[in-house]
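Protein chains: 2
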Amino acid sequence: MKQEIAKLVELDRQRTLLTHIGAVLGWDQETYLPEKGIEERSEQLSLIEGLAHEKAVDPQIGELLASAEAAAETAEDLSPEEAAYIKLTRREFDKETKLPSEFVMEYAKQASLSQAAWSQAKSANDFSLFAPHLETMIRMNKERAAYLDSGRKPYDVLLDLYEYGSTEASIAAVFSVMKKDLVALLDKIAGQPPVDDAFLHAPVSAEIQAKMSRYLMDAVGYDQKRGRLDTTAHPFTTTLGRDDVRITTRYVENYFPSSIFSTIHESGHALYEMNIDPHPDFRGTRLAEAVSMAVHESQSRMLENFVGRSRAFWEKHYPAIQAMAGEPLADVDVDRFVKAINKVERSLIRTEADEVTYGLHVIVRFELESAIMSGSLAVKDIPQAWNAKIKELLGLDVPNDRLGCLQDVHWSMGAFGYFPSYALGNLYAAQFWEVMQEQIPNLEQKISRGELGDMQQWLKVNVHSKGSLYLPGELLQKVTGKPLDPSCFARYLNKKFS
Amino acid sequence: MKQEIAKLVELDRQRTLLTHIGAVLGWDQETYLPEKGIEERSEQLSLIEGLAHEKAVDPQIGELLASAEAAAETAEDLSPEEAAYIKLTRREFDKETKLPSEFVMEYAKQASLSQAAWSQAKSANDFSLFAPHLETMIRMNKERAAYLDSGRKPYDVLLDLYEYGSTEASIAAVFSVMKKDLVALLDKIAGQPPVDDAFLHAPVSAEIQAKMSRYLMDAVGYDQKRGRLDTTAHPFTTTLGRDDVRITTRYVENYFPSSIFSTIHESGHALYEMNIDPHPDFRGTRLAEAVSMAVHESQSRMLENFVGRSRAFWEKHYPAIQAMAGEPLADVDVDRFVKAINKVERSLIRTEADEVTYGLHVIVRFELESAIMSGSLAVKDIPQAWNAKIKELLGLDVPNDRLGCLQDVHWSMGAFGYFPSYALGNLYAAQFWEVMQEQIPNLEQKISRGELGDMQQWLKVNVHSKGSLYLPGELLQKVTGKPLDPSCFARYLNKKFS
Chain A
618 MKQEIAKLVE
628 LDRQRTLLTH
638 IGAVLGWDQE
648 TYLPEKGIEE
658 RSEQLSLIEG
668 LAHEKAVDPQ
678 IGELLASAEA
688 AAETAEDLSP
698 EEAAYIKLTR
708 REFDKETKLP
718 SEFVMEYAKQ
728 ASLSQAAWSQ
738 AKSANDFSLF
748 APHLETMIRM
758 NKERAAYLDS
768 GRKPYDVLLD
778 LYEYGSTEAS
788 IAAVFSVMKK
798 DLVALLDKIA
808 GQPPVDDAFL
818 HAPVSAEIQA
828 KMSRYLMDAV
838 GYDQKRGRLD
848 TTAHPFTTTL
858 GRDDVRITTR
868 YVENYFPSSI
878 FSTIHESGHA
888 LYEMNIDPHP
898 DFRGTRLAEA
908 VSMAVHESQS
918 RMLENFVGRS
928 RAFWEKHYPA
938 IQAMAGEPLA
948 DVDVDRFVKA
958 INKVERSLIR
968 TEADEVTYGL
978 HVIVRFELES
988 AIMSGSLAVK
998 DIPQAWNAKI
1008 KELLGLDVPN
1018 DRLGCLQDVH
1028 WSMGAFGYFP
1038 SYALGNLYAA
1048 QFWEVMQEQI
1058 PNLEQKISRG
1068 ELGDMQQWLK
1078 VNVHSKGSLY
1088 LPGELLQKVT
1098 GKPLDPSCFA
1108 RYLNKKFS
Chain B
618 MKQEIAKLVE
628 LDRQRTLLTH
638 IGAVLGWDQE
648 TYLPEKGIEE
658 RSEQLSLIEG
668 LAHEKAVDPQ
678 IGELLASAEA
688 AAETAEDLSP
698 EEAAYIKLTR
708 REFDKETKLP
718 SEFVMEYAKQ
728 ASLSQAAWSQ
738 AKSANDFSLF
748 APHLETMIRM
758 NKERAAYLDS
768 GRKPYDVLLD
778 LYEYGSTEAS
788 IAAVFSVMKK
798 DLVALLDKIA
808 GQPPVDDAFL
818 HAPVSAEIQA
828 KMSRYLMDAV
838 GYDQKRGRLD
848 TTAHPFTTTL
858 GRDDVRITTR
868 YVENYFPSSI
878 FSTIHESGHA
888 LYEMNIDPHP
898 DFRGTRLAEA
908 VSMAVHESQS
918 RMLENFVGRS
928 RAFWEKHYPA
938 IQAMAGEPLA
948 DVDVDRFVKA
958 INKVERSLIR
968 TEADEVTYGL
978 HVIVRFELES
988 AIMSGSLAVK
998 DIPQAWNAKI
1008 KELLGLDVPN
1018 DRLGCLQDVH
1028 WSMGAFGYFP
1038 SYALGNLYAA
1048 QFWEVMQEQI
1058 PNLEQKISRG
1068 ELGDMQQWLK
1078 VNVHSKGSLY
1088 LPGELLQKVT
1098 GKPLDPSCFA
1108 RYLNKKFS
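These protein sequences, in sequence, are chains A and B.
Residues 618 to 1115 in the working numbering are what the first sequence spells out, letter by letter.
Residues 618 to 1115 in the working numbering are what the second sequence spells out, letter by letter.
Any given hint could be a false lead.
As the list makes no split between identical chains, a pair holds if one copy fits it or if it spans any two.
Stated by the list, open to error - Distance condition first, Cα-Cα at most 16 Å in a straight line; then the derived EDC-like pairs of lysine to aspartate or glutamate:
{"id": "1", "residue 1": "LYS653", "residue 2": "ASP860"}
{"id": "2", "residue 1": "LYS1008", "residue 2": "GLU962"}
{"id": "3", "residue 1": "LYS842", "residue 2": "GLU657"}
{"id": "4", "residue 1": "LYS997", "residue 2": "GLU752"}
{"id": "5", "residue 1": "LYS759", "residue 2": "ASP694"}
{"id": "6", "residue 1": "LYS842", "residue 2": "GLU647"}
{"id": "7", "residue 1": "LYS842", "residue 2": "GLU652"}
{"id": "8", "residue 1": "LYS653", "residue 2": "ASP840"}
{"id": "9", "residue 1": "LYS726", "residue 2": "GLU656"}
{"id": "10", "residue 1": "LYS842", "residue 2": "GLU656"}
{"id": "11", "residue 1": "LYS672", "residue 2": "ASP694"}
{"id": "12", "residue 1": "LYS956", "residue 2": "GLU932"}
{"id": "13", "residue 1": "LYS715", "residue 2": "ASP766"}
{"id": "14", "residue 1": "LYS1112", "residue 2": "ASP835"}
{"id": "15", "residue 1": "LYS704", "residue 2": "GLU690"}
{"id": "16", "residue 1": "LYS1099", "residue 2": "GLU693"}
{"id": "17", "residue 1": "LYS715", "residue 2": "GLU671"}
It should be emphasised that the hints constitute simulated quantities derived from the structure, not laboratory data.
Please build the complete structure, drawing on both the sequences and the hints.
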């Protein structure tokens, strides 16, 4: 059986290489591709996705798996990694073999064109430029869901892709508790004196913001020899190779916190990717991939919010950022700064929302996706429906689609079912955070001295390195000793904001 | 037969897409790849080269070709494009099928590692870091030559790859005439009053040089929506897609002409690539590729030297560049500037050599390559042999390898036999130039008004668009009415420098 596993690993590595090549093409498309290069780029992406898919559905895998599974039943020297790898490969192989090659290639091509159209629509503030592509992505996602499991609701099938085991109902249940918690806390905060953050809106050049970003990447332990920072319309992290995990940010001249916190956020994703290594024998395989989007998001949001917006973190790093900013922060002490970056306020843009209102932005998207996938919401009605939901949950009027339903890249890529992961990520993060606080003595003091080593090591050993060795729920149980417990996040927020 | 051709075209397009994907990986490696990403990148390149090679040697091609060739013998409605495509595909298929897949993959991997080692060796000025990789590239090129045609001298086989039909002997014959012409002209110039170009060595920031480069790209008609400019150790042009032809340059702070003329040079290459279109049915095929390295070089060197260093060109563009440069050119009029950028002087770096001494740099490399490939020169002796040749032909002492045998990227990529193309390119350029002068009324005046449209159109129609429709010699005959005539270049130089 060892031989079968070795052969499966070899095939898997070829697929991973192709996936990483696709990531190079995708990264370049978002950063440096000349305007007219998009047409052929989408053909290139389609070809690579098709080749990666071919590798993933290679009939050899089916044969090797069947034989490995049979042998595993009686094997005595099966390591946990080997056992997990066989199960994982089975799950993914079954999933992949259900999608026809032509569909995968066409999907990749359409997603690439759709993303480009979204980008144009957003800068032109014109939803109609994006609408036909969105129609296509919705139609193709319903087709995708039908290929994968025609017996289940399409949205359930798609949610499963990002967080294995979740359903619309299970998420709706968690979100209804979270909604109550957040609304109650928001009411409490409304009674507090207003926070002055005007100084955060003073102009800071993109050049200085980039310098801040690079400083903070170093501060949180991002190895710039294993990645880089670039500028894109929407910040993201992408893995182009095991030692090439790149992040991007964007510079808003009149609000520098936008870039620095998205840099810390993406660095959290990148550190996870850089540290995955469940076992040397399984490098370059599915076992060395992140276990889920929500666990991924727990790492980015923990670094951005739990660490990056803490008083302790800025104790060490505020002087450097203050000096780089110059005039705008000259008369602002660290306490005022920390208060300002934690200001809670109902706002329009998810990626710039505070920790308390953020969950409400996710609920807006979750409820709309649910309606889109069930067919009760048509594409042409999305702008209006979006605006109504924002009014309902956040009490705000949306002045235009650029600040409304065109703000996020996800749907243009066909990522329906992804948004809930962001909120689940907060819940996971809070649960990891409570345990980490218990297990690392004086963590806060260490953070205030700029010593993040113990924390990074704890995360690496307990979470990052594991890759897909456990399912998300198993990982949580193993690390924290209990299943998902939403009360941790409520406790964290209440302690910080009350 | 039309069906066979259509099928061949379809297979060819897949190969081209993979080649372009490889170009994206290569471009990224030279521009933005994080330091530690190189190892996996070489695996990615190796995989893509392997896949492209698989496409190129697909047995279907052999069958389709055989049937198309048989039908072509009696066909009456065969277009020139179809006839040329069948011949070209046969030549390339025969060439490709001789190289085993594993060899091609290993070669790509080694070339990628070797290029990285060269880059390090060059910055550390330490030939020993590069030597073992150079050994490998030489060994693998001898193997390559043996696979392709074990009955011929390896260097002849390699020269054929870059300029179909050329041999070491035919090039040596042309070069011996050129050497005589150049040495005679150099002697004449030595008797002229010295040219003052000290002001070209005043510091100009990389930022300003980049601005100059972008201005000049526009001036020569490079469409920046179909490509872009970046910075690399060694300037190059690369085709990542039919509408994505990128160039690079480098900024030498104390010698801004280095960047601006390499930008014009690479723009010449890029314009050729962007304009290739022998027939819409053959887009994305080998017929829509440049015919040879020497013809390519004729386009870059014509734009850089014949146009870009002419008095007429600067009549129009000097005021803009002068204003960007500021202080260093404030008191320099256009005549002094044009004299300075045409200063003839024996120097160490090929890419910065003037038009007269340039050919001697190429002869140095040609003679060394010839000795390396025949086995009479060992890797460890290359630095010494290089320095001796430079002394012999240019009368200069080479102070270190960075300014000597480590200056060029070519050997690190395994491109033995490429260098002669540079000098052949000058000869082709001069021959095209003479005919173009006759056929475009008042060309010089047009250039002096910044109107390069007629010239670009002439080049597009007569040279660029043709792609590989004709062999290099056929193209020259068709456009100029005669075979290669080295006297054109001697006439051009003597007119300009006497």
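Each hint, compared with the structure:
For a Cα distance limit of 16 Å, the shortest separation of LYS653 from ASP860 across copies, 6 Å, qualifies, whereas the shortest one inside one copy, 31 Å, does not. In this assembly of identical chains, LYS1008 and GLU962 lie within 16 Å of each other by CA distance solely inside one copy; the values are 14 Å within and 74 Å between copies. Taking CA atoms no more than 16 Å apart as the test, LYS842 paired with GLU657 passes between copies only; the shortest distance there is 14 Å, against 31 Å inside one copy. In this assembly of identical chains, LYS997 and GLU752 lie within 16 Å of each other by CA distance solely inside one copy; the values are 9 Å within and 64 Å between copies.
In this homomeric assembly, LYS759 and ASP694 never come within 16 Å of each other (Cα to Cα): the closest approach is 43 Å inside a single copy and 48 Å across copies. Within a single copy, LYS842 and GLU647 get their C-alpha atoms only as close as 21 Å, which misses the 16 Å cut-off; across copies the closest is 15 Å, which meets it. Only between protomers do LYS842 and GLU652 lie at most 16 Å apart by alpha-carbon distance; the minimum there is 5 Å, versus 29 Å within a single protomer. Taking CA atoms no more than 16 Å apart as the test, LYS653 paired with ASP840 passes between copies only; the shortest distance there is 10 Å, against 34 Å inside one copy.
Within a single copy, LYS726 and GLU656 get their C-alpha atoms as close as 9 Å, which meets the 16 Å cut-off; across copies the closest is 29 Å, which misses it. With identical chains, the CA atoms of LYS842 and GLU656 are at most 16 Å apart between copies only, with a shortest distance of 13 Å across copies and 32 Å within one. Taking the shortest alpha-carbon separations for LYS672 and ASP694, neither the intra-copy value of 29 Å nor the inter-copy value of 42 Å comes in at or below 16 Å. For a Cα distance limit of 16 Å, the shortest separation of LYS956 from GLU932 inside one copy, 13 Å, qualifies, whereas the shortest one across copies, 60 Å, does not.
Only within a single protomer do LYS715 and ASP766 lie at most 16 Å apart by alpha-carbon distance; the minimum there is 9 Å, versus 47 Å between protomers. For the identical chains of this complex, LYS1112 and ASP835 are neighbours neither inside a copy (29 Å) nor across copies (59 Å), given an alpha-carbon limit of 16 Å. In this assembly of identical chains, the alpha carbons of LYS704 and GLU690 lie at most 16 Å apart only when taken from the same copy (12 Å versus 59 Å across copies). In this homomeric assembly, LYS1099 and GLU693 never come within 16 Å of each other (Cα to Cα): the closest approach is 29 Å inside a single copy and 80 Å across copies.
For a Cα distance limit of 16 Å, the shortest separation of LYS715 from GLU671 inside one copy, 12 Å, qualifies, whereas the shortest one across copies, 27 Å, does not.
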